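Number of protein chains: 2
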Amino acid sequence: MFKALGNPHRLLIFQRLSRCCLPGTRCDLEDAIRFSVGELGEGMEIAASTLSHHLKALHHAGLIEMERQGKQINCWIDPAVLEKLYGFFNPQAEFENIGGCDVR
Amino acid sequence: MFKALGNPHRLLIFQRLSRCCLPGTRCDLEDAIRFSVGELGEGMEIAASTLSHHLKALHHAGLIEMERQGKQINCWIDPAVLEKLYGFFNPQAEFENIGGCDVR
DNA sequence: TCTACATTTCGAAACATGTCGAATTATCGA
DNA sequence: TCGATAATTCGACATGTTTCGAAATGTAGA
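These protein sequences, in sequence, are chains A and B. Numbering follows the working numbering, with no gaps: position 13 of the first sequence is -2. Numbering follows the working numbering, with no gaps: position 12 of the second sequence is -3.
If you're looking for bench data, these hints aren't it; they were derived computationally from the structure. Just so we're clear, the structure is a prediction, and the values are computed from it rather than from any experiment. Check each hint, because a few of them may be wrong.
Given that identical chains are not distinguished, each listed pair holds provided it fits within a single copy or across any two copies.
Claimed, not checked - Mimicking DSSO-like on lysine-lysine, the simulated pairs with C-alpha atoms at most 27 Å apart in a straight line are:
| id | residue 1 | residue 2 |
| --- | --- | --- |
| 1 | K69 | K56 |
| 2 | K(-12) | K56 |
| 3 | K(-12) | K41 |
| 4 | K56 | K41 |
| 5 | K69 | K(-12) |
Working from the sequences, and respecting the hints, build out all of it.
Take a look at the structure:
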């Protein structure tokens, strides 16, 4: 996942899709913000084939969902993915503290 | 930062260093867990020069701190960095929710 | 000062990634 | 069925990354 987010174009795509339905909110999967592939590429000076390649990488990394809706393909983020990433850096969720430090 | 975390060796190093003093705890910078370069490489089948290269990448990305202590060089994570990463995926900290979703 | 240890720098090789354009596939509407 | 639109696949190329070993640097102790 971090590898996929490590490219500036892919990070931008991910950020565009994550501006709604973040962990801690009450957004459900159905509420998740969606963009078509073309919309996601707007403002990025990138060939359509390159955009497609990046979307595929994000999808393979498990970061985004994709589904055809007519002529377009819609992309969104499953809120559970954001929870997971959030939890990775959150002590309560995933890590045990070890060593001599004072956890309260 | 995500690019730096996107390599398996570097992610492992980062995880070893982040097992203490996570955001939400009361660990101070002085309490941060520290390992020498050699200790960080233990168990990884990797040449010393490669390890050094990865550490440099993590340092350049702003993910780890390094300081010479005698013959060895100690590495640790500034808790502020963990807060920052944590905040990136946390709705309260950094993002505004937009669109038609119902935030409570 | 000499030696051992810890780490970094350098250069080179193998491999992976980002990018494009052209060709292809899928869907909708006339 | 045909054409237009949206997106993907493919092949190619330039650029970056990972890795190593050898040589260099920095530090402590005999």
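Results of checking the hints against the structure:
no., hint, verdict
1, K69 / K56, "neither (32 Å within a copy, 39 Å between copies)"
2, K(-12) / K56, "neither (30 Å within a copy, 33 Å between copies)"
3, K(-12) / K41, "both (13 Å within a copy, 18 Å between copies)"
4, K56 / K41, "within (18 Å within a copy, 47 Å between copies)"
5, K69 / K(-12), "both (15 Å within a copy, 18 Å between copies)"
Going through the hint list in order, the structure does not satisfy hints 1, 2.
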